[in-house]
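Undergrad: Each chain, written out:
Protein chains: 2
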Amino acid sequence: MTEKVTAAHLALAGALADKAGAILRRYFRSDLLVESKHDNTPVTVADREAEAEMRALIEARFPDHGVLGEEHGRTRPEADYVWVIDPIDGTKSFISGVPLFGVLIALTFKGVPVLGVIDQPILRERWSGAEGRKTTLNGKPAATRACSALADATLYATAPDMFAGADADAFARVRKAVKLARYGADCYAYALLAAGFIDLVVEAGLKPYDFCALAPVVEGAGGEMSDWAGDALSLHSDGRVVAAGDPALAAAARAALVGK
Amino acid sequence: MTEKVTAAHLALAGALADKAGAILRRYFRSDLLVESKHDNTPVTVADREAEAEMRALIEARFPDHGVLGEEHGRTRPEADYVWVIDPIDGTKSFISGVPLFGVLIALTFKGVPVLGVIDQPILRERWSGAEGRKTTLNGKPAATRACSALADATLYATAPDMFAGADADAFARVRKAVKLARYGADCYAYALLAAGFIDLVVEAGLKPYDFCALAPVVEGAGGEMSDWAGDALSLHSDGRVVAAGDPALAAAARAALVGK
Numbered sequence: 001m002t003e004k005v006t007a008a009h010l011a012l013a014g015a016l017a018d019k020a021g022a023i024l025r026r027y028f029r030s031d032l033l034v035e036s037k038h039d040n041t042p043v044t045v046a047d048r049e050a051e052a053e054m055r056a057l058i059e060a061r062f063p064d065h066g067v068l069g070e071e072h073g074r075t076r077p078e079a080d081y082v083w084v085i086d087p088i089d090g091t092k093s094f095i096s097g098v099p100l101f102g103v104l105i106a107l108t109f110k111g112v113p114v115l116g117v118i119d120q121p122i123l124r125e126r127w128s129g130a131e132g133r134k135t136t137l138n139g140k141p142a143a144t145r146a147c148s149a150l151a152d153a154t155l156y157a158t159a160p161d162m163f164a165g166a167d168a169d170a171f172a173r174v175r176k177a178v179k180l181a182r183y184g185a186d187c188y189a190y191a192l193l194a195a196g197f198i199d200l201v202v203e204a205g206l207k208p209y210d211f212c213a214l215a216p217v218v219e220g221a222g223g224e225m226s227d228w229a230g231d232a233l234s235l236h237s238d239g240r241v242v243a244a245g246d247p248a249l250a251a252a253a254r255a256a257l258v259g260k
Numbered sequence: 001m002t003e004k005v006t007a008a009h010l011a012l013a014g015a016l017a018d019k020a021g022a023i024l025r026r027y028f029r030s031d032l033l034v035e036s037k038h039d040n041t042p043v044t045v046a047d048r049e050a051e052a053e054m055r056a057l058i059e060a061r062f063p064d065h066g067v068l069g070e071e072h073g074r075t076r077p078e079a080d081y082v083w084v085i086d087p088i089d090g091t092k093s094f095i096s097g098v099p100l101f102g103v104l105i106a107l108t109f110k111g112v113p114v115l116g117v118i119d120q121p122i123l124r125e126r127w128s129g130a131e132g133r134k135t136t137l138n139g140k141p142a143a144t145r146a147c148s149a150l151a152d153a154t155l156y157a158t159a160p161d162m163f164a165g166a167d168a169d170a171f172a173r174v175r176k177a178v179k180l181a182r183y184g185a186d187c188y189a190y191a192l193l194a195a196g197f198i199d200l201v202v203e204a205g206l207k208p209y210d211f212c213a214l215a216p217v218v219e220g221a222g223g224e225m226s227d228w229a230g231d232a233l234s235l236h237s238d239g240r241v242v243a244a245g246d247p248a249l250a251a252a253a254r255a256a257l258v259g260k
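Chains Y and E, in that order, give the protein sequences. Read left to right, the first sequence gives residues 1 to 260 (my numbering). Read left to right, the second sequence gives residues 1 to 260 (my numbering).
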């Protein structure tokens, strides 16, 4: 059986992160032209420029692969291999001068993420994960820590207002059960989890370009990441995700989410 | 009239930040012995070691000055000059591996903060402010940005659960009026404000060692920081603070807090 993730895929993922990081370092904490989108998400020149440059690199190297990006939409979505990229996950942090945003790069095969990169270009930290490989942080092995009980866990989520209606109640059940809950880290929370500094991330309302890169990083570090029902993430997931460094904690969190 | 803040005070403040930063860099992202205090705040060995070392430096240089610290209490609180120090503001960030905690160092004169340092030892960023001087970031001038209307403002607060009862309603009025609201930065939010990246911070439940260092940094950068009623901060303030880069925004935020 042929490997789904090849050295050439990994090399391109690294080149994409290098390219995006160089652009974002140029714009970070500079005067930015912040445009307004219909949903009021802050979108910057940096965001669009980084995605366009990454798309050009993908087209040049793998012209038959598809691309899905936050800013410029879909190209060849029917391809077996589709790159799913978000040049700035955490644009609110980016425009606030907080170095906890990330460049997210995923490669999906038949809709399932098989490679993921989380890159923080200001702190120059890069987490890389791929199916069948150990996750690395700047080239060195990264691993989650053991923590099987909610009562011992440190939980992160980007913001309380990402949970609506019944999702807010479900999240509240988890938040009340953990030792420590914190807001505000976007993709960097999953990176911290993959390095063994925190235990649990529960979020909702995510798009494929927000979560596809995260699953290979978390799973290659020994953790577990799925939707709230426990199903593997794919391009068709509903955007409600739970990641845990310890698979036993993932199960406990999912049980709390459904009220068991 | 004699200057309240002398070059010798500023030199000691820098030396304190150097000392604490070196200790925190050693412990950050290492296996920490996390102890439990009665209020469940995570307190680490790093925290206590850094405060003890800072106290020793103060005693050696200014034996007649007082000291107030989070971990080791009060020494000579009746002195005209009292140093108010928090070796790790944002211990939750510190133990989660997030480099947004800070070393806070203030000098108060008759209870009023006249010198402040916010130091982030991982990013190696240091904001220094003092009465009658311009605030600096790593030695270069730092300034707030203009933003007079709540509708244009980026707001930070450490966490939604820091506001109880009527304070939560007051904070909600400000949050609903701003363009962008984010959680999770502790003292680093005030540093971002003093560098012109965000516009407003509203918090409650702070202790003197949480807020005394912040006011000179914010005010020396052109901003305004007070309690919710608009009174200058002192050792006797009630822990509800509002900081704005633009004095007009500070007034608008205070009006929203009281429901006007």
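Think of the hints as simulated: they come from the structure by calculation, not from any bench. This structure is a prediction, so every number in the text was calculated from the model and none was measured. Do not rely on the hints blindly, as some may be mistaken.
Given that identical chains are not distinguished, each listed pair holds provided it fits within a single copy or across any two copies.
Said to hold, decoys possible - Below, computed lysine-lysine pairings styled on DSSO-like, alpha-carbon distance capped at 30 Å: (1) Lys4 - Lys260; (2) Lys260 - Lys92; (3) Lys179 - Lys207; (4) Lys134 - Lys260; (5) Lys4 - Lys176; (6) Lys176 - Lys140; (7) Lys207 - Lys176; (8) Lys179 - Lys92; (9) Lys19 - Lys176.
Undergrad: Would you mind marking each hint as holding or not holding in the structure?
TA: Cross-check of the supplied hints:
no. : hint            : verdict
1   : Lys4 - Lys260   : neither (37 Å within a copy, 61 Å between copies)
2   : Lys260 - Lys92  : between (34 Å within a copy, 29 Å between copies)
3   : Lys179 - Lys207 : both (28 Å within a copy, 23 Å between copies)
4   : Lys134 - Lys260 : neither (33 Å within a copy, 57 Å between copies)
5   : Lys4 - Lys176   : neither (40 Å within a copy, 47 Å between copies)
6   : Lys176 - Lys140 : neither (35 Å within a copy, 44 Å between copies)
7   : Lys207 - Lys176 : both (26 Å within a copy, 25 Å between copies)
8   : Lys179 - Lys92  : both (27 Å within a copy, 11 Å between copies)
9   : Lys19 - Lys176  : neither (41 Å within a copy, 37 Å between copies)
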